[in-house]
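Number of protein chains: 2
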Amino acid sequence: MIDQTPQSKSPIRETDDGARALGKSLLANARFAALATVEPETGDPLASRIAFGLDADAQPVSLMSRLAFHTKALLSQPRCSLLVGEPGKGDPLAHPRISLQAIALPIVRTSPDHAAIRAHYLKQHPKAALYVDFGDFLFVRFQIRSAYLNGGFGKAYVLEASDLAAG
Amino acid sequence: MIDQTPQSKSPIRETDDGARALGKSLLANARFAALATVEPETGDPLASRIAFGLDADAQPVSLMSRLAFHTKALLSQPRCSLLVGEPGKGDPLAHPRISLQAIALPIVRTSPDHAAIRAHYLKQHPKAALYVDFGDFLFVRFQIRSAYLNGGFGKAYVLEASDLAAG
Chain A
0 MIDQTPQSKS PIRETDDGAR ALGKSLLANA RFAALATVEP ETGDPLASRI
50 AFGLDADAQP VSLMSRLAFH TKALLSQPRC SLLVGEPGKG DPLAHPRISL
100 QAIALPIVRT SPDHAAIRAH YLKQHPKAAL YVDFGDFLFV RFQIRSAYLN
150 GGFGKAYVLE ASDLAAG
Chain B
0 MIDQTPQSKS PIRETDDGAR ALGKSLLANA RFAALATVEP ETGDPLASRI
50 AFGLDADAQP VSLMSRLAFH TKALLSQPRC SLLVGEPGKG DPLAHPRISL
100 QAIALPIVRT SPDHAAIRAH YLKQHPKAAL YVDFGDFLFV RFQIRSAYLN
150 GGFGKAYVLE ASDLAAG
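Heads up: the sequence lines are chains A and B, in that order.
Counting in numbering that gives the first Met the number 0, the first sequence runs from 0 upward without gaps.
Counting in numbering that gives the first Met the number 0, the second sequence runs from 0 upward without gaps.
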């Protein structure tokens, strides 16, 4: 007899230590991400590339130009999503990736956080030293609300922020 | 004397044949994309990975599972965005990419289009033969509304659908 309870039909697996470790590993190794924002004038979604790193507390950060459409969108509507994890060879859908749902928090240049984030980020992105202090660039921290982890076909998980926290 | 007219301050360059060729090349070579959708219940953006190909008329298509969150979002709200173009070595922001603004059009399995799209897609994605005929998978065509092309730092263009059309 086939089990037809709702649980058995859900494509979402129960979160375990392997899923948490995979999610953390994807974030720790990422140097860029796809960002989904909502354009303020139209409400339309926009997918764009951003640089990606972690701060000293393993929270996602990016360095972006205020001239970019996505930065204007984020400053108007901070709810956003980031896709991290790049495919290797073969079917691109067989490779793990994670979609974060997050709130973008701009880092004020005069705040105590700024110097620490700047120093930590430049270790991960040394080439960003060329433009990190340009007037139109700013750091943004992403407060994770939840995440969808896809470890490959049939390996889907819904994670909470605490599943991805440092430690 | 510095020209301070609004035009001179815009980060967007005038579209030329080089920009059109770069945009078409990014689409022709892509096997996956980042998709930005809007979640119907919350209005929040979601970034996720999808497979990516072109149909015989060079229009973007994807094959996706109805079980995925992004498919449910697209079927409810077809306005979406796709990011295409992967970074190589060095600064990820120095590599070209294109953000399409598009409308998702599901391809009905019994439509005349379906067989043609299926055959063309499997040439580009041979491993998808394993699941292309599963009941929960469907083809989606993306009607391009406009595009942002970023050829690397300071090389931004706004393209129209006609700039990316075949020919």
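Hint data in this document are derived by calculation from the structure and do not stem from the laboratory.
All C-beta atoms, glycine included, are put in the ideal place defined by N, C-alpha and C.
Possibly wrong hints are sitting among the right ones.
Simulated crosslink set (EDC-like; lysine to aspartate or glutamate; CA at most 20 Å straight-line) [unchecked claim]:
| # | chain 1 | residue 1 | chain 2 | residue 2 |
| --- | --- | --- | --- | --- |
| 1 | A | K88 | B | E85 |
| 2 | B | K126 | A | E85 |
| 3 | B | K154 | A | D135 |
| 4 | A | K122 | B | D135 |
| 5 | B | K23 | B | E38 |
| 6 | B | K122 | A | D135 |
| 7 | A | K154 | B | E85 |
| 8 | B | K88 | A | E85 |
| 9 | A | K126 | B | D90 |
A partial selection of chain B residues facing chain A, derived with a Cβ cut-off under 7 Å [to be verified]:
| # | residue |
| --- | --- |
| 10 | A33 |
| 11 | T36 |
| 12 | D43 |
| 13 | P44 |
| 14 | L45 |
| 15 | R65 |
| 16 | L66 |
| 17 | C79 |
| 18 | S80 |
| 19 | L81 |
| 20 | L82 |
| 21 | D90 |
| 22 | P95 |
| 23 | V131 |
| 24 | G134 |
| 25 | L137 |
What follows is a set of in silico ranges between Cβ atoms, one per label pair, in the way DEER data are often shown [unchecked claim]:
| # | chain 1 | residue 1 | chain 2 | residue 2 | range |
| --- | --- | --- | --- | --- | --- |
| 26 | A | K122 | B | D132 | 15 to 23 Å |
| 27 | A | A164 | B | V107 | 23 to 31 Å |
| 28 | B | H119 | A | G134 | 44 to 52 Å |
| 29 | B | V157 | A | D112 | 42 to 50 Å |
Evaluation of the provided hints:
Restraint check for K88/A and E85/B: the C-alpha separation of about 13 Å stays at or below 20 Å, so the hint holds. Among the hinted pairs, K126/B with E85/A is consistent with the structure: their alpha-carbon atoms are about 18 Å apart, no more than 20 Å. Restraint check for K154/B and D135/A: satisfied, since their Cα atoms lie roughly 16 Å apart, inside the 20 Å limit. Straight-line distance between C-alpha atoms of K122/A and D135/B comes to about 44 Å, which puts the hinted pair past the 20 Å bound.
Pair hint K23/B plus E38/B does not hold up; C-alpha atoms about 29 Å apart against a cutoff of 20 Å. Distance restraint check for K122/B and D135/A: the Cα-Cα separation of roughly 44 Å exceeds the 20 Å cut-off, and the hinted pair is therefore not satisfied. Between K154/A and E85/B, the direct Cα distance comes to roughly 24 Å. Violation of the 20 Å bound is thereby established for this hinted pair. Pair hint K88/B plus E85/A holds up; C-alpha atoms about 13 Å apart against a cutoff of 20 Å.
Our distance criterion of 20 Å between C-alpha atoms is met by K126/A and D90/B, whose separation comes to about 6 Å. The beta carbon of A33/B is positioned within 7 Å of a beta carbon in chain A (closest approach about 3 Å), and the interface hint is therefore held. The criterion of a C-beta within 7 Å of any C-beta in chain A is met by T36/B, whose closest approach is roughly 6 Å, and the hint holds. For D43/B, the interface hint holds, the least distance from its beta-carbon to any beta-carbon of chain A being 5 Å, beneath 7 Å.
Contact between P44/B and chain A, as hinted, is supported at the beta carbon level, the nearest pair being about 4 Å apart and thus within 7 Å. A least Cβ separation of about 5 Å between L45/B and chain A falls short of the 7 Å threshold, and the interface hint therefore holds. At about 10 Å, the closest approach between the beta carbon of R65/B and any beta carbon in chain A exceeds 7 Å, and the interface hint on this residue is violated. Hint status for L66/B relative to chain A: holds, with the closest Cβ pair at about 5 Å, below 7 Å.
Proximity of C79/B to chain A holds as hinted, the smallest CB-CB distance being about 6 Å (cut-off 7 Å). Hint status for S80/B relative to chain A: holds, with the closest Cβ pair at about 4 Å, below 7 Å. Because the beta carbon of L81/B sits about 6 Å from the nearest beta carbon in chain A, less than 7 Å, this interface hint is met. Taking 7 Å as the C-beta cut-off, the interface hint given for L82/B holds, the closest approach to chain A being about 4 Å.
Annotation: D90/B was flagged as interfacial toward chain A, and the flag holds, the nearest CB pair being 4 Å apart, inside 7 Å. A least Cβ separation of about 10 Å between P95/B and chain A goes past the 7 Å threshold, and the interface hint is therefore violated. Interface restraint check: V131/B against chain A, minimum CB-CB distance 12 Å, threshold 7 Å, status violated. Because the beta carbon of G134/B sits about 13 Å from the nearest beta carbon in chain A, more than 7 Å, this interface hint is broken.
The criterion of a C-beta within 7 Å of any C-beta in chain A is not met by L137/B, whose closest approach is roughly 14 Å, and the hint is violated. The hinted range of 15 to 23 Å is not satisfied by K122/A and D132/B, whose Cβ atoms lie roughly 49 Å apart. For A164/A and V107/B, the Cβ-Cβ distance of about 45 Å falls outside the hinted range of 23 to 31 Å, so the restraint is violated. Distance hint check: the CB atoms of H119/B and G134/A are about 48 Å apart, consistent with the given range 44 to 52 Å.
One distance hint, 42 to 50 Å for the beta-carbon pair V157/B and D112/A, is violated here, with the actual separation near 34 Å.
In the structure shown, a violation is registered for the earlier hints numbered 4, 5, 6, 7, 15, 22, 23, 24, 25, 26, 27, 29, in ascending order.
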